[in-house]
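Student: From first to last, the protein sequence lines are chains E and R.
Following the working numbering from start to finish, the first sequence increments by one per residue and tops out at 148.
Following the working numbering from start to finish, the second sequence increments by one per residue and tops out at 148.
Honestly, the hints are just simulated from the structure, not real lab data.
A portion of the hints provided could be inaccurate.
Stated by the list, open to error - Calculated from the model, a selection of chain E residues having no Cβ within reach of chain R, i.e. all distances over 10 Å:
| # | residue |
| --- | --- |
| 1 | 7 |
| 2 | 32 |
| 3 | 33 |
| 4 | 45 |
| 5 | 56 |
| 6 | 69 |
| 7 | 79 |
| 8 | 100 |
| 9 | 109 |
| 10 | 122 |
| 11 | 129 |
What the hints assert, rightly or not - Okay, the calculated bits of chain E under chain R, using three or more residues with CB under 8 Å as the criterion:
| # | region |
| --- | --- |
| 12 | 80 to 93 |
| 13 | 130 to 138 |
Claimed, not checked - Just a sample of chain R residues kept apart from chain E, beta carbon distances all over 10 Å, derived:
| # | residue |
| --- | --- |
| 14 | 16 |
| 15 | 44 |
| 16 | 79 |
| 17 | 81 |
| 18 | 113 |
| 19 | 116 |
| 20 | 129 |
| 21 | 130 |
| 22 | 134 |
| 23 | 142 |
Values in this document were obtained by computation on a predicted structure and should not be read as measured data.
Glycine included, C-beta positions come from ideal geometry on N, C-alpha and C.
Protein chains: 2
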Amino acid sequence: MPEISPDPFAAQLRAAAVKVTRPRLRVLAVLSRATAALTHSELEEQLADSPQGILDRVTLYRVLDSLVECGLAQRTLDARGVYRFLSSSVQARHAAHAHFHCQRCGGITCLEQMEVPVADLPAGYSARQVDIEVRGVCAACAPLSGAA
Amino acid sequence: MPEISPDPFAAQLRAAAVKVTRPRLRVLAVLSRATAALTHSELEEQLADSPQGILDRVTLYRVLDSLVECGLAQRTLDARGVYRFLSSSVQARHAAHAHFHCQRCGGITCLEQMEVPVADLPAGYSARQVDIEVRGVCAACAPLSGAA
DNA sequence: CCGCAAATGCAACCCTGTTGCAAACAGGTT
DNA sequence: AACCTGTTTGCAACAGGGTTGCATTTGCGG
Ligand SMILES: [Mn+2]
Ligand SMILES: [Mn+2]
Ligand SMILES: [Zn+2]
Ligand SMILES: [Zn+2]
């Protein structure tokens with residue numbers, strides 16, 4: 001009787017035809033717990049707090065690359081030009097509405113009341129994704145806007 | 001009789017209530033000659049080639065900041081996460097419609113028929129810009145889609 | 001022409017992301 | 001179970017874009 005714990009993340013990795021490794025499992029776990037897209041450094045921090053201790057910076061970059069490449073995660077840019085990562089299942093929940101990108105702190109806020117339109121494209125073009133990105137300064141950063 | 005050459009860039013700066021300085025005039029000149037958004041290093045290069053010689057890297061960053069802040073230029077991110085700067089007059093021509101970003105060739109196509117909505121934001125948030133980015137595969141690339 | 005705040009230039013620094021390479025490992029083969 | 005091989009990990013060093021501190025210069029209003 002093999003004690004195969006039915007780890008859903010391991011199953012996802014196997015289904016995606018990539019090796020099941022400790023770092024990948026850890027990153028996948030954090031990503032799927034997250035409600036918003038996380039930067040590399042946010043992930044690094046959350047991973048460091050876990051009982052398993054820190055995960056090498058470069059390894060994290062490479063794990064994220066592999067997850068994006070096999071389709072288990074998505075990579076986007078925030079308003080500061082920093083990459084953010086989110087699990088594909090989370091991504092699906094955000095495809096239908098607009099997002100606010102704070103140009104000061106890089107934070108992203110859902111604008112559920114702004115729905116994305118259907119793409120209206122020239123012949124021959126096909127859309128995979130439509131993003132509405134509103135850029136500006138969020139409520140938390142507004143007070144600091146005057147500051148030097 | 002003061003020999004005031006009617007420099008349009010100087011006038012723009014005065015109208016924007018910022019000091020008229022040599023670096024700002026130089027940058028404004030390059031930006032308004034450009035047809036597309038330029039990165040910091042592209043600007044640096046073009047400036048270095050001019051008879052006036054190189055402009056300090058940091059000064060260029062600060063000049064660009066001041067032009068953006070006073071509304072004479074706009075800052076956007078390219079697909080690599082690098083800032084690009086363009087004069088406001090060029091930007092204005094593209095602010096009202098969506099853009100298609102081909103995921104295969106990287107090309108950008110204006111979707112004039114898709115107009116950007118007015119931002120609908122929570123209290124405290126302020127928008128500077130709304131972008132609709134449609135991602136997919138363009139007509140030229142569609143036939144090649146099967147290729148590895 | 002003065003005075004002062006704003007802008008410049010230079011050096012040093014920070015942060016995000018990448019590359020090279022040796023050691024460790026996953027997962028299939030014997 | 002031991003073995004093999006390509007993948008992945010970890011560490012160090014690097015690269016590029018962008019920022020900060022500070023002394024010096026300059027625009028410009030008085
Ligand atoms: Mn959302
Ligand atoms: Mn356009
Ligand atoms: Zn913010
Ligand atoms: Zn294309």
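Student: It remains to establish, for every hint, whether it holds in the given structure.
Tutor: Now the hints, each set against the structure:
No Cβ of chain R approaches the Cβ of residue 7/E within 10 Å, the least distance being about 32 Å, so the stated non-interface status holds. Distance to chain R confirms residue 32/E as a non-interface residue, since its nearest Cβ pair spans about 23 Å, more than 10 Å. Against chain R, the non-interface label of residue 33/E holds: every CB pair exceeds 10 Å, the least being about 25 Å. Every Cβ of chain R is farther than 10 Å from the Cβ of residue 45/E; the closest lies at roughly 20 Å, confirming the non-interface assignment.
For residue 56/E, the shortest C-beta to C-beta distance to chain R comes to about 22 Å, beyond the 10 Å cut-off, and the non-interface label holds. Listed as outside the interface, residue 69/E is consistent with that label: its C-beta sits roughly 14 Å from the nearest C-beta of chain R, beyond the 10 Å cut-off. With 10 Å as the threshold on Cβ separation, the claim that residue 79/E sits away from chain R is violated: the shortest Cβ distance comes to roughly 7 Å. With a minimum CB-CB distance of about 6 Å to chain R, residue 100/E fails to clear the 10 Å threshold, and the non-interface call is violated.
Distance check on residue 109/E: its Cβ comes as close as 7 Å (rounded) to a Cβ of chain R, failing to clear the 10 Å threshold; non-interface status is violated. At the 10 Å boundary, the C-beta of residue 122/E falls inside the reach of chain R, the nearest C-beta of that chain being 7 Å off. With 10 Å as the threshold on Cβ separation, the claim that residue 129/E sits away from chain R is violated: the shortest Cβ distance comes to roughly 5 Å. Given a C-beta distance limit of less than 8 Å, the hint that chain R covers the region 80 to 93 of chain E holds, as 3 residues qualify and 3 suffice.
With 9 residues bearing a CB less than 8 Å from a CB of chain R, the region 130 to 138 of chain E meets the requirement of three and the coverage assertion stands. For residue 16/R, the requirement that its beta carbon stay farther than 10 Å from each beta carbon of chain E is met, with the minimum near 18 Å. Against the 10 Å criterion, residue 44/R stays outside the reach of chain E, whose nearest CB is about 18 Å from its own CB. With a closest Cβ-Cβ approach of about 8 Å to chain E, residue 79/R is found to fall inside the 10 Å limit, against its non-interface label.
Distance check for residue 81/R against chain E: the nearest CB is about 4 Å away, which does not clear 10 Å, and the non-interface claim fails. Separation of residue 113/R from chain E is inadequate, the least Cβ-Cβ distance of about 5 Å not exceeding the 10 Å criterion. Residue 116/R, annotated as away from the interface, has a beta carbon of chain E within 10 Å; the closest lies near 8 Å. Here residue 129/R does not stay apart from chain E, with its beta-carbon only about 5 Å from theirs, under the 10 Å limit.
Not every Cβ of chain E is farther than 10 Å from the Cβ of residue 130/R; the closest lies at roughly 5 Å, contradicting the non-interface assignment. For residue 134/R, the non-interface assignment is contradicted: its Cβ lies about 5 Å from the closest Cβ of chain E, within the 10 Å cut-off. Residue-level check failed: residue 142/R sits 6 Å from the nearest beta carbon of chain E, not beyond 10 Å.
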